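Asks: Just so you know, we're using numbering that gives the first Met the number 0 here: the sequence shown kicks off at 0 and counts up by one.
Hint data in this document are derived by calculation from the structure and do not stem from the laboratory. On a predicted model such as this, the values are computed, not experimentally measured, just so you know. Treat the hints with care, as some may be off.
Pair ranges (Cβ atoms, derived) [unchecked claim]:
id: 1; residue 1: Ala23; residue 2: Asn59; range: 17 to 23 Å
id: 2; residue 1: Thr95; residue 2: Phe117; range: 26 to 32 Å
id: 3; residue 1: Gln106; residue 2: Ala72; range: 35 to 41 Å
id: 4; residue 1: Gly108; residue 2: Arg75; range: 19 to 25 Å
id: 5; residue 1: Asn68; residue 2: Gln106; range: 21 to 27 Å
id: 6; residue 1: Gly36; residue 2: Ala107; range: 32 to 38 Å
id: 7; residue 1: Ala30; residue 2: Val118; range: 28 to 34 Å
id: 8; residue 1: Arg75; residue 2: Glu44; range: 15 to 21 Å
id: 9; residue 1: Val25; residue 2: Phe117; range: 20 to 26 Å
We put the beta carbon where it would ideally sit given N, CA and C, even for glycine.
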Amino acid sequence: MTNIAQPKLYRLCSLGEWDASQAAGVVLGNADDRRDGFLHLSTAEQIAQTAAKYYTDVSNLHLLGINANSLTASLRWEVSRGGQSFPHVYGDVPLTAVLFARAIPEQAGRYLFPAALFV
Numbered sequence: 000m001t002n003i004a005q006p007k008l009y010r011l012c013s014l015g016e017w018d019a020s021q022a023a024g025v026v027l028g029n030a031d032d033r034r035d036g037f038l039h040l041s042t043a044e045q046i047a048q049t050a051a052k053y054y055t056d057v058s059n060l061h062l063l064g065i066n067a068n069s070l071t072a073s074l075r076w077e078v079s080r081g082g083q084s085f086p087h088v089y090g091d092v093p094l095t096a097v098l099f100a101r102a103i104p105e106q107a108g109r110y111l112f113p114a115a116l117f118v
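With the hints as constraints, model all of the structure from the sequences given.
Replies: Put into C-alpha cells, the structure is as follows:
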C-alpha cells in the first residue's frame, strides 16, 4: 500500500488558542481573523515570514498542519502581503482537518521552522 501525503496548509496560534479550539471542536480565529471575516492560513514557504510579522509577541506559538483537501468548499486563495496569494478559509475548520499541532521551537527570541516541523 502506498502512503500518499496529504497537501497541507498551516495555521499559527498560541497554546491557549489551540486549547480553546479543541474545546470548541473547530479551529477558532483570533482578533485579526474576526476583523477580516476569514481564517488566515499560510503555506510552508510563507509561515516563517507570517510568524515574524504578526506573532513575535506570542508565547507558546504552535503550528497546526491542516489537510487542504478538507477545505475545498471554503478555501480561497487571495492576494495579500507583498502580492503573494495566501490561503483564507471562509467558514469553520473542523478539528478532523487538523493533522497535527506542534510547539514551534525558539532560539534567541526568534521562532525556528526546521523542516521536520512540517512533516
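Asks: Against which earlier hints does the structure fall short, listed by number upward?
Replies: 2, 4 and 5
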